[in-house]
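Quick mapping for you: the protein sequence lines, in order, are chains A and B. Under my numbering, the first sequence has 107 at position 57, and the numbering climbs by one with no breaks. Under my numbering, the second sequence has 995 at position 188, and the numbering climbs by one with no breaks.
What the hints contain is simulated information worked out from the structure, not anything from laboratory work. Hints should not be assumed to be uniformly reliable.
Said to hold, decoys possible - Quick look at which bits of chain A chain B covers, simulated, 3 or more residues with Cβ under 8 Å: (1) 104 to 110; (2) 136 to 142; (3) 176 to 189; (4) 348 to 354.
As the list claims (entries may be wrong) - Here are the simulated DSS-like cross-link-like pairs (lysine-lysine), alpha carbons at most 30 Å apart as the crow flies: (5) Lys-816/B to Lys-1102/B; (6) Lys-816/B to Lys-1111/B; (7) Lys-1136/B to Lys-313/A; (8) Lys-388/A to Lys-1136/B; (9) Lys-1029/B to Lys-1076/B; (10) Lys-300/A to Lys-379/A.
This one's a predicted model, so the numbers in the text were calculated from it and none came from an experiment. We put the beta carbon where it would ideally sit given N, CA and C, even for glycine.
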Amino acid sequence: MGTTTPMRFRQAIVNALADEMRADSTVMLFGEDVAEAEGPFKTSEGLLTEFGPLRIRDTPISEMGFTGAAVGAAIMGMKPVVEIMFMEFLGVALDQLVTEAAKMRYLSNGMLSVPMVVRASVGSGLGFGCQHSQTLENWVAATPGLKVVCPSDAQAAYSLMRASIQDPDPVMILEPRILYAERGDVDTSLVLPIGKARVLRKGSDITVVALGQMVNVARNAIEKSGLDVELIDLATVVPWDRETVLASVKKTGRLVVVEEAPKSGGWGSEIVAAATSELFSQLKGAPFRITTPDVPVPYSGVLEARFVPTADDVARQLTESLKSGTTPKSWWELEGLK
Amino acid sequence: MSAELKRRKAVQEDAVAQYERMIEIREFEEQINGLFASGAIRGTTHLCLGQEALAVGLASVLRPTDIVSATYRGHGIALALGLSPEAVLGEIMGKTIGCCGGVGGSMHLSNMELGLLPTSAIIGGGMPIAAGAALSFQVRKTDDVAVAVFGDGATNIGAFHETLNLASIWNLPVVFICDNNVYGEYSRINLTTPLEDLHLRADSYKMPHFSLDGMEIAAVQKGVTEAVNRARSGGGPTLIEAKTYRFAGHSRADQALYRPEGELEKWQKRDPIKLTEEGLVASGALNAEKIAKIKSDMKTTIEKVVATCQASPEPSLASMFQNIFTPAKAGR
Chain A
51 MGTTTPMRFR QAIVNALADE MRADSTVMLF GEDVAEAEGP FKTSEGLLTE
101 FGPLRIRDTP ISEMGFTGAA VGAAIMGMKP VVEIMFMEFL GVALDQLVTE
151 AAKMRYLSNG MLSVPMVVRA SVGSGLGFGC QHSQTLENWV AATPGLKVVC
201 PSDAQAAYSL MRASIQDPDP VMILEPRILY AERGDVDTSL VLPIGKARVL
251 RKGSDITVVA LGQMVNVARN AIEKSGLDVE LIDLATVVPW DRETVLASVK
301 KTGRLVVVEE APKSGGWGSE IVAAATSELF SQLKGAPFRI TTPDVPVPYS
351 GVLEARFVPT ADDVARQLTE SLKSGTTPKS WWELEGLK
Chain B
808 MSAELKRRKA VQEDAVAQYE RMIEIREFEE QINGLFASGA IRGTTHLCLG
858 QEALAVGLAS VLRPTDIVSA TYRGHGIALA LGLSPEAVLG EIMGKTIGCC
908 GGVGGSMHLS NMELGLLPTS AIIGGGMPIA AGAALSFQVR KTDDVAVAVF
958 GDGATNIGAF HETLNLASIW NLPVVFICDN NVYGEYSRIN LTTPLEDLHL
1008 RADSYKMPHF SLDGMEIAAV QKGVTEAVNR ARSGGGPTLI EAKTYRFAGH
1058 SRADQALYRP EGELEKWQKR DPIKLTEEGL VASGALNAEK IAKIKSDMKT
1108 TIEKVVATCQ ASPEPSLASM FQNIFTPAKA GR
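Model the full structure from these sequences, guided by the hints.
This is the structure in structure tokens:
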């Protein structure tokens, strides 16, 4: 265990990029306003100054073009990192990532690797409206050949960035935008491998699996509830850590997944399905998910705050499920809304 | 006639009303800054200070049945087309009085009575949709036109090229207006684009094109009229490049420190409001006294709008569940 340094989540990203660029001259970064402006969220501060314009590049507003260019550069031996300012902007470039990058190794009979990283800011809570606030794990999570990670704190932001850049295959990093300014202690020697979940709290009553900004929400909910909950930060959506999650569920007999994504089609369904089919006889209660409703992210501050799972609501559902043994209703079902 | 259509009609008929609308937009945008500072507005916003002539010039020559797709920098166009300041500010404040009931926000303004499609927060996102609106006019044989307004940065995205090509081969009644305000987000256009005159790109789609002085309302009206007439009469699409300048940063977070020294000041000498004022004074329609009164009255009006919007209720939880799918009804 090395020493830790306090830093903001966004600084952890800058530091991980810089450390990888120092260690490997093939690592480069491009995207909209990442060079001169040092990133719209200041996630590339100082990089142009240290590494110069050959490796740190501003792009036109051409996501398809520069994401595809990363595929080509990666095939030829570079390790490009591209930044998609808001996850929704990946929409026009999705083809290059899921249909080209993720298929290159398969279609070259194993001759090609695509060691590229696509970073995108995701998530709600900042009043950016429904075209700039989604998490959209499900756009990318059903693509064999593409890994998907999502850090929940500065340490994970640092370590997962380094692991993603070092990975020989395409990796998508979903960065919860609301966490950029959050502070945390970072040990730069700590390795968090892709595909490994983080057990953040040991417990025996319930296993809670969360991702991204929902990890803090779940942690606060657990404190409020006073229950003995095991909290797992999934950290990697694809390939997710079945071993850690299922071992925990086996121990507690209960599983709750907290997701910042619409109820239908979320990554948590995969976790619940696996736990249910593989550990059915050992479960003490039905696994369930706490999600956002199946609606676009509303702009109004009052609505957006209610839209996303809150610590109070997660605490209520954890407590109710343990007390009654049944699956609690969502807040919108209680309100009679759908 | 609705109040919104009356507001639209006003700018279609009278040069002083057009000037007043430009002042309204200017005052409105300046109020937004203060409301952000006080915490009354959250999220982000993209101001159109300096681009008022394009918004009002456009609104003055289009019919309400024409369709406009525009962008997240859309407060000015929405107000120019006739949305009430309450509908726009209310939306920016996330209140029920807003044009989307508070669920859309600053980047998503619309009013179909005035022909304004929901403004898009995705670069180039509205362009193919405008072409599709034009397709419907062509098939249904109306003489309405669709107008897509987008920024200089959008000319580097696939949707721009795909849409221009499609509109050209289908000879669609659509007018593409590139609002070249010199900056795409935080980057000066010359850093991301190899040509200065963006309208030249239409050559490769065999589409008529020209640039106009976007700071000069008369130039906007003349140019847009020419393109709209071509589209209405079956002559197909046009690409117009309106040369403007963004007086503010890209969004709230942006102080625009990247501007070359003196550039803003140079453009401010051609402030569209100043130019319009000079023209109206020269023609005798306005004098210094009338101008001062218009400005002070508008300040009072917008302050009242702020108060009205602040008093408007927050949306109900139920409102986030509305308008996701069309309610079921009997088939056709």
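We went through each hint and held it up to the structure:
no., hint, result
1, 104 to 110, "holds (count 3)"
2, 136 to 142, "holds (count 4)"
3, 176 to 189, "holds (count 7)"
4, 348 to 354, "holds (count 6)"
5, Lys-816/B to Lys-1102/B, "holds (21 Å)"
6, Lys-816/B to Lys-1111/B, "holds (23 Å)"
7, Lys-1136/B to Lys-313/A, "holds (26 Å)"
8, Lys-388/A to Lys-1136/B, "holds (18 Å)"
9, Lys-1029/B to Lys-1076/B, "holds (22 Å)"
10, Lys-300/A to Lys-379/A, "holds (24 Å)"
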